[in-house]
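Novice: Sequences are here, hints too, so could you generate the full structure?
Residue numbers (this note's numbering), protein chains in the order written: chain A, 1 to 139; chain B, 1 to 139; chain C, 1 to 139; chain D, 1 to 139; chain E, 1 to 139; chain F, 1 to 139.
Do not take every clue at face value.
Since the list gives no way to pick one copy over another, a pair counts as held whenever it fits inside one copy or between any two copies.
As a list, the in silico DSS-like pairs of lysine-lysine whose alpha-carbon atoms are at most 30 Å apart [claimed, not checked]:
# : residue 1 : residue 2
1 : Lys-108   : Lys-20
2 : Lys-20    : Lys-66
3 : Lys-20    : Lys-52
4 : Lys-52    : Lys-108
5 : Lys-79    : Lys-20
6 : Lys-79    : Lys-108
These are computed hints drawn from the structure, not numbers from a lab.
The lines below spell out each chain.
There are 6 protein chains.
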Amino acid sequence: MPIAYLTRRERFSAAHRLYKPEFSDEENFRLFGQCSHPNWHGHNYELFVTVKGEINQDLGYVVNLKLVSQVIRDRVISKLDHKNVNIDVDFMRGMLATTENLAIAIWKELEQPLLEVGAQLHRVKIKETENNFVEYYGE
Amino acid sequence: MPIAYLTRRERFSAAHRLYKPEFSDEENFRLFGQCSHPNWHGHNYELFVTVKGEINQDLGYVVNLKLVSQVIRDRVISKLDHKNVNIDVDFMRGMLATTENLAIAIWKELEQPLLEVGAQLHRVKIKETENNFVEYYGE
Amino acid sequence: MPIAYLTRRERFSAAHRLYKPEFSDEENFRLFGQCSHPNWHGHNYELFVTVKGEINQDLGYVVNLKLVSQVIRDRVISKLDHKNVNIDVDFMRGMLATTENLAIAIWKELEQPLLEVGAQLHRVKIKETENNFVEYYGE
Amino acid sequence: MPIAYLTRRERFSAAHRLYKPEFSDEENFRLFGQCSHPNWHGHNYELFVTVKGEINQDLGYVVNLKLVSQVIRDRVISKLDHKNVNIDVDFMRGMLATTENLAIAIWKELEQPLLEVGAQLHRVKIKETENNFVEYYGE
Amino acid sequence: MPIAYLTRRERFSAAHRLYKPEFSDEENFRLFGQCSHPNWHGHNYELFVTVKGEINQDLGYVVNLKLVSQVIRDRVISKLDHKNVNIDVDFMRGMLATTENLAIAIWKELEQPLLEVGAQLHRVKIKETENNFVEYYGE
Amino acid sequence: MPIAYLTRRERFSAAHRLYKPEFSDEENFRLFGQCSHPNWHGHNYELFVTVKGEINQDLGYVVNLKLVSQVIRDRVISKLDHKNVNIDVDFMRGMLATTENLAIAIWKELEQPLLEVGAQLHRVKIKETENNFVEYYGE
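Specialist: Here you go:
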């Protein structure tokens, strides 16, 4: 059976801040630049979730895209959209709110629930701005 | 002399919250939806500034675009990028952090300084997400 | 009170065909090109609805964007998305399924319901492909 | 010799419907959602064809991009653009008109003709909407 | 009869340089910045041509878009695409190769030929980069 | 430690020409099409640089994105933006100004300096137009 990769984009608008509480503002600025600004800033994040699988010969698709979208929205978007990544998001607790950590945490949130709808997670990609994005393949 | 319209896009990533402190969380949610979330959220805003003018016959342009860009960055972007619209921005003090109010406030910030570099402000457009934008013509 | 313009984008994917039943296939092809293909074709249409109004001093916005979006989805998107413009859409009955006619028909569908949520319709813009769009201002 | 990947985008606007004729409308809706709508719907599809190869030291490119584009247009776009995927397209006969099947069928159409112009097919990617795309690597 | 605005996008990739031969390199740099670089630079320009007109009740459109596109390509794109704006383009002879001058010159090239296919020119918009564009309305 | 891929986009506008001086104009046109036009043409190039690495547990990122951006701008963008690829760019000397060669040359320019800021280069992608891009992985 041929193998295809299916990607779904979902979006969320969130606030965040990059900093380590044990460091001074100056040290945080040196490490994280403007992203360490104390009163938060935010982004329109784009999340691209790619699943991989054999094409079901009977139905012609890897998996019902509606189910994939529903899992992403239930597990991830509902917790991130119009929220503060540092404060509000259970699966980001205790982690620096970087795009890298976000990608890993979203992978962990999605891997099992996607399997339950028949989709094997292949890649999580997060676009923070039109100039920056991070990809994570579960390695 | 022919008249042309010149538009410069600049971007800023900022946090904000829509709410009225005198209202309950429920009332704020009814009026402002998810945007009233207490712990802030944020956007990658796109700002499009349009100036209008006769084309300088000698130089072939309405105004030196570098100067327009510099004014926008000095007066607006430097105050908004990686900031909190509600807390950090002097020209938004005392105003609800809506896109409409932001457009008007940015118009006020830019109108005179743009005139000083020879550019007459025509329109301020702010794109908050790929699905929403506001335009203000100074009326 | 300052006046602002607020635009909401909504999307729909639909099939259509441009042809006049009283004409031959050749004549239809001459008038409408590939768009006259008998077995239909389709597009990812983008609909931009712009409303105009004074900014409510108390709430800082022209109108609650959620309400605008809801009206557009109830009146227009629900009837067009994943449908056939020629066959399925009540407000397009008896009309050629051109982008121009679609823009006028959508204006008629939206004008009154938008007024009822406090929004005065200013422009309907429909982007058919990345290379073509139509704007209608109710004139 | 260094190896590079060259991608060409071509576009087509087509109608389609996802359904299995042996199933009821209800069953088709359960499996394919709105895409099973009987009167068709459509999309502006974007097709990204990636070829892979050593860079010709003499000419500085993997392959003449014009030839790649010509092959894609002759073999694929001319058959899909302004057409109905279910009815009009010879290489989709007997297959469900899913994006996955389309990607595989396009791979089969392009692999040999691209080889004949010196280009080894690496990936077929089809973007159905701004939120969904499928990739196929010939596996 | 309702009036609609129809816009067609066409693209061209061209080289140009902004400078006045009677000025020194330093003076040209002061006036035109990096765009005065002597060995040329270039852009992927996007040209948006908007025509305005009553909707033909019989055919449901303002004008046959194919004709509009053909006029733009014959009169403008064929002369600009993969060319040097300063050297190769007859309708830019003797003018500074600014986006403003380009917009005016394209207006003059298109106005009459568009009338001959039944389309009244309303606006010429040229996007030079993702951050800059110029609009000209024939005033 | 988990491994992530971080991509930074930077842009440059440049002129170029594809041709071999030892060939006739006709032969160059046959090999390179319109890109062989003698008086140059140009593009708004988009450069996507992807680095790969373990996520620093302490700082939550692969590498400080500011440093990556600074390296790209110092080593590549400053030499290409508003320049002529054939004439002005030291690291393209003696090479055909194809996108493939540009990708390889940029890889060579960036590999070592990126290592010095702690980033391992994974991919260089150059988008020449909205329809064409090249990727190089250092193989």
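Novice: Please go over all the hints and tell whether each is borne out by the structure.
Specialist: Each hint tested on the structure:
1. Only within a single protomer do Lys-108 and Lys-20 lie at most 30 Å apart by alpha-carbon distance; the minimum there is 23 Å, versus 35 Å between protomers.
2. When the C-alpha separation of Lys-20 and Lys-66 is checked against a cutoff of 30 Å, the pair qualifies only between copies, where the shortest distance is 18 Å, while the shortest distance within a copy is 39 Å.
3. In this assembly of identical chains, Lys-20 and Lys-52 lie within 30 Å of each other by CA distance solely across copies; the values are 23 Å between and 36 Å within a copy.
4. For the identical chains of this complex, Lys-52 and Lys-108 are neighbours both inside a copy (16 Å) and across copies (20 Å), given an alpha-carbon limit of 30 Å.
5. Taking CA atoms no more than 30 Å apart as the test, Lys-79 paired with Lys-20 passes in both settings, with 23 Å inside one copy and 24 Å between copies.
6. Taking the shortest alpha-carbon separations for Lys-79 and Lys-108, only the intra-copy value of 14 Å comes in at or below 30 Å, while the best inter-copy value is 37 Å.
The structure shown violates none of the earlier numbered hints.
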